[in-house]
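From first to last, the protein sequence lines stand for chains A and B. FYI, numbering that gives the first Met the number 0 numbers position 87 of the first sequence as 86, with every residue one higher than the one before it. FYI, numbering that gives the first Met the number 0 numbers position 323 of the second sequence as 322, with every residue one higher than the one before it.
Warning: the hint list may mix true and false statements.
[To be verified] Below, in silico cross-link-like pairs of lysine to any residue (SDA-like), each with a Cα-Cα straight-line distance of 20 Å or less: (1) LYS286(A) x LYS325(B); (2) LYS215(A) x LYS201(B); (3) LYS286(A) x ASP205(B); (4) LYS325(B) x GLY247(B); (5) LYS201(B) x GLY350(A); (6) LYS286(A) x MET344(A).
Treat the hints as calculated values from the structure; they're not laboratory data.
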Amino acid sequence: MTAKHEDATAVKPYGSDGTPLVSVTDVTKYFPIKFGVFRRHVGDVKAVDGVSFDILRGETLGLVGESGSGKSTIGRVVLQLHRATEGSVLFEGVELTEAKGEVLRKIRPRMQMVFQDPHTSLNPRMTVAAIIGEPLREHSNGNAADRHNRVEELLTIVGLDPKHANRYPHEFSGGQRQRIGVARAIALNPDFIVCDEPIAALDVSIQAQVINLLEKLQKEMDLTYLFISHDLAMVRHIADRVAVMYLGRFMELADVDTVYERPMHPYTLALHSAVPVPDPVVEATRKRIILEGDIPSPSNPPSGCTFHTRCPIAQERCAVEIPEWREVENGHWVSCHFAEESVKMLEAVTGAV
Amino acid sequence: MTKPEPVLEVKNLTTRFNTQDGTVHAVTNISFNLNKGEFLGVVGESGSGKSVTMMSLLRLIPIPPGEIVSGEAIFDGEDLIGMDDRDLRDVRGGRIGFVFQDPMTSLNPVIKVGPQIIEALLTHRNISKSEAHDRAFELLEMVGIPDPDARLDSYPHEFSGGMRQRAMIAIALACSPEVVIADEPTTALDVTIQAQIIQIVKDLRDQLGTAVIWITHDLGVIASLADRVIVMYGGQIVEEGPVAEIYGNPQHPYTKALLRSVPRLDQKGDNLESIKGQPPSMYSAPTSCVFAPRCEYAYDRCREENPVLEQISEGHRSACWWDIEKGATRHDR
């Protein structure tokens with residue numbers, strides 16, 4: 000790839016004058032594809048391919064994208080659950096990609112994760128007290144009684160009955176299980192939580208409960224979130240800034256109002272256009288940008304701009320040249336050769352924006 | 000407006016599942032009509048009974064443990080529920096097409112896509128193999144699959160998710176059915192692919208005039224597609240009406256709360272009003288309003304008596320003792 004991974008001073012959104020809690024620079028994550036008896040290395044799934052961004056203290060950075068875009072991989076790379084192939088991840092200035100052993104162990108309690116599926120992310124053979132108490136046992140000095148009190152306190156915080164501490168996960172509904180997952184994530188008073196599709200498996204009427212809980216905890220505990228989701232409407236609700244991802248790269252990054260009200264990347268525009276709004280009056284008059292074709296495979300991504308195969312306004316240049324990740328206006332980052340003209344060009348081609 | 004002509008009339012349908020843990024009252028006493036050429040959206044959360052209702056119509060639920068306790072489904076003058084298996088087989092896939100949520104499990108993985116479409120045609124139509132092949136080609140073209148000849152000769156795993164769902168739609172439409180029932184057909188797909196499928200379905204509806212029942216939990220999808228909407232909760236219909244009424248003038252507290260709990264892409268909202276509590280357990284037959292434990296309007300009667308679905312304005316039915324607009328009870332007891 001031609002992205003300049005070796006350049007440590009590469010461009011980064013949100014200049015370093017604010018103090019980012021997490022700072023990601025030119026991160027790539029390739030998963031090797033191995034073949035045959037000798038497990039020959041025949042290629043790579045380029046899950047994340049040269050991504051740079053900061054997460055500011057106290058903010059919620061929304062990360063949206065379709066399946067296979069690499070958004071979950073980013074979350075895991077930041078937490079060092081996957082090790083980056085290349086690039087740097089700083090947490091309060093400490094380089095994590097090379098951190099090992101005790102250094103990493105010291106930092107782990109401060110970065111937590113809420114998983115998508117509350118059915119598979121809780122051990123069915125452990126009681127709720129054991130699940131929530133596990134990080135406490137591992138990382139805090141208290142005795143059993145302290146832990147028990149803390150578990151009851153945590154259950155209360157997330158809106159569950161502390162008397163249910165000795166029940167097993169299957170005795171709870173999906174929404175309640177997700178609350179248990181949240182309680183586990185906040186047990187050690189972290190600074191930063193990666194929420195990886197935390198509401199995708201929940202019913203509509205329960206989603207709002209979990210979102211409201213996450214927002215409440217953020218205020219009370221000064222949490223910073225990386226909120227990964229494919230639900231664009233929910234991200235608009237919860238995020239301060241939003242990054243849009245497609246096939247391992249960032250397409251656009253800006254504050255939430257900019258991304259939703261005056262996006263510049265054709266992919267962002269198409270994504271917004273694709274989401275139906277729960278209002279038949281609006282829907283009746285809406286014109287859509289319908290993208291053709293399917294999302295290409297990340298093991299063999301298109302040349303140039305990865306989006307060019309589906310982009311309604313792609314030009315010859317797009318197939319050859321990877322667009323620069325550039326700050327088009329203050330805090331508004333776009334990776335498109337035609338960012339400034341994209342809205343007009345799309346209007347001309349599709350008649351809808 | 001001409002009086003709508005029903006193509007399917009469902010009356011008092013009740014379906015249960017007798018499991019080791021007890022009886023699950025999946026669907027209780029449901030009645031609705033589907034009119035000719037109409038697009039009927041069915042919304043509800045998981046466990047609300049929306050899929051079981053539609054599966055029951057064609058007896059696609061496993062019996063046992065399933066049991067259709069009562070009800071009729073009148074399709075073209077005949078009751079599907081009481082129909083013998085042979086006749087029902089002609090209806091399934093012939094006159095009523097079905098599209099399921101997950102195309103990976105509903106297409107046969109070891110048979111090429113072409114033969115699977117042709118099979119449906121040969122079963123229900125009196126045509127030759129080569130005619131069936133031509134029709135299959137035409138169908139793939141119709142649902143927007145590029146290079147249909149090569150695709151007829153491919154296995155399902157060579158298709159992407161969106162293409163598989165297109166192929167499923169092609170199979171459902173193969174015999175020009177009067178009714179197509181689609182159960183969460185776009186839920187497993189990415190939004191840009193969902194937009195493609197919705198566009199195709201819209202085009203086909205205008206072209207073919209097939210009546211469609213579209214089951215989903217996505218209020219946005221229904222808003223963009225449906226003429227009329229049924230809202231289900233706890234195995235019952237709680238509200239039913241024209242799409243503009245349901246979204247613009249919801250009368251059941253559940254519908255109202257549900258609409259307020261979803262964020263909108265096109266608007267900046269500060270507060271999400273969540274619906275407190277959990278969905279109902281289905282292990283007991285409803286004797287009171289199923290939504291009452293979570294309802295902000297609930298009063299004594301709601302906890303004692305299950306409200307009936309009654310007409311509140313032309314074409315708009317709601318099952319609630321409380322009149323939200325008047326702020327009073329709908330009836331005196």
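Do the hints match the structure? See the list:
no. : hint                  : in the structure
1   : LYS286(A) x LYS325(B) : 38 Å, violated
2   : LYS215(A) x LYS201(B) : 41 Å, violated
3   : LYS286(A) x ASP205(B) : 17 Å, holds
4   : LYS325(B) x GLY247(B) : 17 Å, holds
5   : LYS201(B) x GLY350(A) : 18 Å, holds
6   : LYS286(A) x MET344(A) : 15 Å, holds
Hints 1, 2 from the list above are not met by this structure, while the remaining hints are.
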